[in-house]
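J.: Read off the chains here:
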Amino acid sequence: MEKRNMNIHLKIWRQKDSRSKGKLVLYTVEDVNPDMSFLELLDVLNEQLITRDEEPIEFDNDCREGICGMCGLVIQGTAHGPNPGTTTCELRMREFEDGETITVEPWRAKAFPVIKDLVVDRSAFERVMAKGGFITVRTGGAPEAGSVRVPKEDADLAMDYAACIGCGACVAACPNASAALFVAAKVSHLSLMPQGRPEASRRVERMAAQMDAEQFGACSNHGECEAVCPKKIPITAIARMRREYWKAIIR
Amino acid sequence: MRLDSKVPAGPLAEKWDRHKFEMKIVNPVNKRKFNLIVVGTGLAGASAAASLGELGYQVKNFCIQDSPRRAHSIGAQGGINAAKNYQNDGDSVWRLFYDTIKGGDYRAREANVYRLAQVSNNIIDQCVAQGVPFAREYGGLFANRSFGGALVARTFYARGQTGQQLLLGAYSALMAQVDAGTVEIFPRHEMLDLVLVDGKARGIITRNLATGTYEAHPADAVILATGGYGTAYYLSTLATNSNASAIWRAHKKGAFFGNPCFVQIHPTCIPRSGDYQSKLTLMSESLRNDGRVWVPKKKGDKRSPNDIPEEERDYYLERKYPTFGNMVPRDVASRNAKDVCDEGRGVGETGLAVYLDFKTAIEKFGHPTIEEKYGNLFEMYTLITDENAYEIPMRIYPAVHYTMGGLWVDYNLMSTIPGLHVLGEANFSDHGANRLGASALMQGLSDGYFVIPYTIGDYLAGTELKKISPNDGEFKQAIEDMKQRDQKLLSIKGNKTVKEFHREIGNLLWEYVGMARKEDGLKHFMQEIPKLRDEFWQNVRVAGSADTLNKNLEFAGRVADYMELGELMALDALHRRESCGGHFREESQTEEGEALRDDDNFTYVAAWEYKQMGNWEMHKEALKFEDVTPTQRSYK
Numbered sequence: 001m002e003k004r005n006m007n008i009h010l011k012i013w014r015q016k017d018s019r020s021k022g023k024l025v026l027y028t029v030e031d032v033n034p035d036m037s038f039l040e041l042l043d044v045l046n047e048q049l050i051t052r053d054e055e056p057i058e059f060d061n062d063c064r065e066g067i068c069g070m071c072g073l074v075i076q077g078t079a080h081g082p083n084p085g086t087t088t089c090e091l092r093m094r095e096f097e098d099g100e101t102i103t104v105e106p107w108r109a110k111a112f113p114v115i116k117d118l119v120v121d122r123s124a125f126e127r128v129m130a131k132g133g134f135i136t137v138r139t140g141g142a143p144e145a146g147s148v149r150v151p152k153e154d155a156d157l158a159m160d161y162a163a164c165i166g167c168g169a170c171v172a173a174c175p176n177a178s179a180a181l182f183v184a185a186k187v188s189h190l191s192l193m194p195q196g197r198p199e200a201s202r203r204v205e206r207m208a209a210q211m212d213a214e215q216f217g218a219c220s221n222h223g224e225c226e227a228v229c230p231k232k233i234p235i236t237a238i239a240r241m242r243r244e245y246w247k248a249i250i251r
Numbered sequence: 001m002r003l004d005s006k007v008p009a010g011p012l013a014e015k016w017d018r019h020k021f022e023m024k025i026v027n028p029v030n031k032r033k034f035n036l037i038v039v040g041t042g043l044a045g046a047s048a049a050a051s052l053g054e055l056g057y058q059v060k061n062f063c064i065q066d067s068p069r070r071a072h073s074i075g076a077q078g079g080i081n082a083a084k085n086y087q088n089d090g091d092s093v094w095r096l097f098y099d100t101i102k103g104g105d106y107r108a109r110e111a112n113v114y115r116l117a118q119v120s121n122n123i124i125d126q127c128v129a130q131g132v133p134f135a136r137e138y139g140g141l142f143a144n145r146s147f148g149g150a151l152v153a154r155t156f157y158a159r160g161q162t163g164q165q166l167l168l169g170a171y172s173a174l175m176a177q178v179d180a181g182t183v184e185i186f187p188r189h190e191m192l193d194l195v196l197v198d199g200k201a202r203g204i205i206t207r208n209l210a211t212g213t214y215e216a217h218p219a220d221a222v223i224l225a226t227g228g229y230g231t232a233y234y235l236s237t238l239a240t241n242s243n244a245s246a247i248w249r250a251h252k253k254g255a256f257f258g259n260p261c262f263v264q265i266h267p268t269c270i271p272r273s274g275d276y277q278s279k280l281t282l283m284s285e286s287l288r289n290d291g292r293v294w295v296p297k298k299k300g301d302k303r304s305p306n307d308i309p310e311e312e313r314d315y316y317l318e319r320k321y322p323t324f325g326n327m328v329p330r331d332v333a334s335r336n337a338k339d340v341c342d343e344g345r346g347v348g349e350t351g352l353a354v355y356l357d358f359k360t361a362i363e364k365f366g367h368p369t370i371e372e373k374y375g376n377l378f379e380m381y382t383l384i385t386d387e388n389a390y391e392i393p394m395r396i397y398p399a400v401h402y403t404m405g406g407l408w409v410d411y412n413l414m415s416t417i418p419g420l421h422v423l424g425e426a427n428f429s430d431h432g433a434n435r436l437g438a439s440a441l442m443q444g445l446s447d448g449y450f451v452i453p454y455t456i457g458d459y460l461a462g463t464e465l466k467k468i469s470p471n472d473g474e475f476k477q478a479i480e481d482m483k484q485r486d487q488k489l490l491s492i493k494g495n496k497t498v499k500e501f502h503r504e505i506g507n508l509l510w511e512y513v514g515m516a517r518k519e520d521g522l523k524h525f526m527q528e529i530p531k532l533r534d535e536f537w538q539n540v541r542v543a544g545s546a547d548t549l550n551k552n553l554e555f556a557g558r559v560a561d562y563m564e565l566g567e568l569m570a571l572d573a574l575h576r577r578e579s580c581g582g583h584f585r586e587e588s589q590t591e592e593g594e595a596l597r598d599d600d601n602f603t604y605v606a607a608w609e610y611k612q613m614g615n616w617e618m619h620k621e622a623l624k625f626e627d628v629t630p631t632q633r634s635y636k
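Protein sequence lines correspond, in order, to chains Z and B. The first sequence begins at 1 in this note's numbering and counts up one residue at a time. The second sequence begins at 1 in this note's numbering and counts up one residue at a time.
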């Protein structure tokens, strides 16, 4: 199979800082190898910008293998781009056509202000996590691991939810900018583990309250979050969170 | 200066317990009066910050990413070792200790490695209590698998995302302490310098990466958990932001650097495809449990792998190492891959790859079983290469993955600078000359959860620490120095980008200080690197300004450090005229081409003291083996 290099046009969101207004700027990159990743394309463009004495485009990224959750761009209107179940850094140029114009924007949500260009501030997630995204255990005070059996089905399901990488695509995709899937994934993971039951009520109440305080919107079951989630976290998480929530407040 | 490892007296198995009793303890009421800095939020940093906060210390925890949860420990796939012996296959603390010290080719400290094996079981207990969803069998018991260099199944895992789940466990403990008010986190903050007051580590200078502000943070002790220096090679399996600057700048302030030439090249990575490539992706070593490594017997065989009949394939690891087969340690597997490619039997477009074939396993266990075990890894492979590894063998090639070298520390994890402690991959570590699979997670968490919370108390209780303030001369001067350094980088406005320089130093390191090193190559490298360094400081082009988010400036500062660190790596590799673990000197091999140690002359840790650029003094910490007898490693 012969692979041909492509010319790609990019409309990229440029914004100096959180106070300035931003705009889309058009760039063209020639001779793009289809095996190149989308972020490597931005690297190549940035090298060209630096050489031309222009400011490079700022975008967050780190592991470049889909696990750290740091990268996140809205590509052609979709969080993390056209491929379902992948992060931005896993996207390859072979998914695009020669001569295509690709629009690239940051996550857009009230709770995620833009810092610069495509970089946003997701610290609201941290503050939600601090309210209950944990099981309290003193270092060294843990019982023998083998003393509690966990049914394989529960461990597997908990792992499905625990796979969340905290990238924020769910918020970016939601018409209400709700963080329900992110919070529900953590609540579901921890409440499925026997070790997480004692704090289940306190956890869900405090996390939900903080989620509101951070100005994330309410969930109205659009399901856009599930569609863009790079780890395919199922929306059943939100149903689980609601059940935990009602259990907590009706107690 | 004489190096004192501070290894406690007494029988090996009793050293740690005895030491814990003998160490001084800070009165619980006084703990809150101490301010501690932890740099890094990976397994070692997050677990340390959380545990120290829990004890009552006031902790500041810094990381360069936008969240502590993103530290590159998250990328670890395969698993974590522990001597639980849940599989009843004869494992024990002693066997884990023995495998680890043997796997490290007898270049680690006995007492440290034994302690690591001892606390391995506490780590699993701790993580399970935090809700880490380890893989289970029907019936609810733990599922375990085996890793390279071991004949028992002692590795605990959470799908192919063990590092992620363990890090999220440590991160959740950290966030609980943030809520409790004992730990304050500083994301998007990069440590630029270590500040010494009266010869003790008393704080750091940071740059807020989002705003460009330079800040001084005084403390009573500083803990570095900033990972390894593999990104010096440009292409590696590390994250793009991983770097060596925190440990390097501490080194230049007086912390000795231990065994800088000990670098691990991981055998199972996806081969490189083009110049634009920014990183290499690792495929977990656990794949070698079921995958079989081979190349064609014939040189330059360009047929598709599925068209090459069994009798024309060379399963070279199974052939050469019948006992361990595909499960030999990483250094052995990597070197053998290089050898067959050097012979002209490599596969793929570049000829720099070998096959990892699952056909036998799929026939034996069925597609669903293999998918359940490795599904996410196969998916990742397809995403990157556009090939389906269930139908056609994977192509793999070694890549830089881990650095066993790092800042020298004593048994208490303290460096040669009083008050500066170093944890995890950032220290010269318990892995000797080669780390076994699933042992990095173990060491990071051991240092953070179970060692530093005790040993830091001993330092704080036994040290006189005068009151300091960020307005003191030492801090003001350090901030000024760092501002000027950044301004210098921005003002050069030369013709080569930071990335071009990074690629250049990386290629040189890979060529001359990579999988095989020899005297003339190392000497050539040492001639080239000062020239490249000079060129960097005269001709680098850094974009933008310092008063805003500027990743290009961040990278420039880090690449400048690789230009210096690279020289020390080569110097260490040159002086160590033996092969051991990941350090293969071509002049020192057995008739069969295996690494040949020289115990008479090199049974020591080389700890390098920085004098000035290009000038280091070596100090030796002799390694004494009282409980194991170093033998030539054999995995045949």
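These are computed hints drawn from the structure, not numbers from a lab. Bear in mind that the values here come from a model prediction, so they are computed numbers and not experimental data. Ideal Cβ placement from N, Cα and C applies to all residues, glycine included. Honestly, I wouldn't trust all of these hints.
[Said to hold, decoys possible] List of simulated lysine to aspartate or glutamate pairs, EDC-like, C-alpha gap at most 20 Å: (1) K3/Z / E349/B; (2) K3/Z / E371/B; (3) K152/Z / D125/B; (4) K493/B / E105/Z; (5) K152/Z / D275/B; (6) K488/B / E55/Z; (7) K152/Z / E137/B; (8) K488/B / D160/Z; (9) K499/B / E349/B; (10) K16/Z / E372/B; (11) K232/Z / E371/B; (12) K499/B / E224/Z; (13) K3/Z / D386/B; (14) K16/Z / D125/B; (15) K636/B / E591/B; (16) K493/B / D53/Z.
[Said to hold, decoys possible] Far from chain Z by the CB rule (all over 12 Å, computed), these chain B residues: (17) L3; (18) V7; (19) V26; (20) R159; (21) N241; (22) T323; (23) A461; (24) V498.
J.: Now look at each hint and say whether the structure bears it out.
T.: Do the hints match the structure? See the list:
Of the supplied pair hints, the one linking K3/Z and E349/B holds, its CA atoms being roughly 13 Å apart against a limit of 20 Å. With a CA separation close to 29 Å, the supplied pair K3/Z and E371/B exceeds the 20 Å bound. Between K152/Z and D125/B, the direct Cα distance comes to roughly 18 Å. Compliance with the 20 Å bound is thereby established for this hinted pair. For the given pair, K493/B sits about 30 Å from E105/Z by alpha-carbon distance, which is inconsistent with the 20 Å threshold.
Distance hint between K152/Z and D275/B is unfulfilled; the C-alpha atoms sit about 45 Å from each other, more than 20 Å. Among the hinted pairs, K488/B with E55/Z is consistent with the structure: their alpha-carbon atoms are about 18 Å apart, no more than 20 Å. At most 20 Å may separate the alpha-carbon atoms for a hinted pair to count; K152/Z and E137/B meet this at roughly 6 Å. The hinted pair formed by K488/B and D160/Z fails the criterion: a straight-line CA distance of about 49 Å is larger than 20 Å.
Of the pairs offered as hints, the one joining K499/B and E349/B is violated, with about 25 Å between alpha carbons and a cut-off of 20 Å exceeded. A threshold of 20 Å between alpha carbons decides the hint, and for K16/Z with E372/B the separation of about 46 Å lies outside it, so the pair is violated. Distance hint between K232/Z and E371/B is fulfilled; the C-alpha atoms sit about 17 Å from each other, no more than 20 Å. For a cut-off of 20 Å, the pair hint linking K499/B to E224/Z is broken: about 38 Å separates their Cα positions.
A distance of roughly 12 Å separates the Cα atoms of K3/Z and D386/B; the hinted pair therefore holds under the 20 Å criterion. Of the supplied pair hints, the one linking K16/Z and D125/B is violated, its CA atoms being roughly 48 Å apart against a limit of 20 Å. Taken as a hint, the K636/B and E591/B pair is honoured in the structure, with Cα atoms around 15 Å apart against an allowance of 20 Å. The straight-line distance between the Cα atoms of K493/B and D53/Z is roughly 9 Å, inside the 20 Å bound, and the hint therefore holds.
The Cβ of L3/B lies farther than 12 Å from every Cβ of chain Z, with a closest approach of about 30 Å, so its non-interface assignment holds. At roughly 23 Å, the least C-beta separation between V7/B and chain Z is larger than 12 Å, which holds for a residue marked as non-interface. Interface exclusion of V26/B from chain Z stands, the closest Cβ pair being 16 Å apart, more than 12 Å. Residue placement check: R159/B does not keep its beta carbon more than 12 Å from all beta carbons of chain Z (closest about 6 Å).
At roughly 5 Å, the least C-beta separation between N241/B and chain Z is not larger than 12 Å, which violates its mark as non-interface. With a minimum CB-CB distance of about 30 Å to chain Z, T323/B clears the 12 Å threshold, and the non-interface call stands. Against chain Z, the non-interface label of A461/B holds: every CB pair exceeds 12 Å, the least being about 19 Å. Annotated as non-interface, V498/B brings its C-beta within 12 Å of a C-beta of chain Z; the closest such distance is 8 Å.
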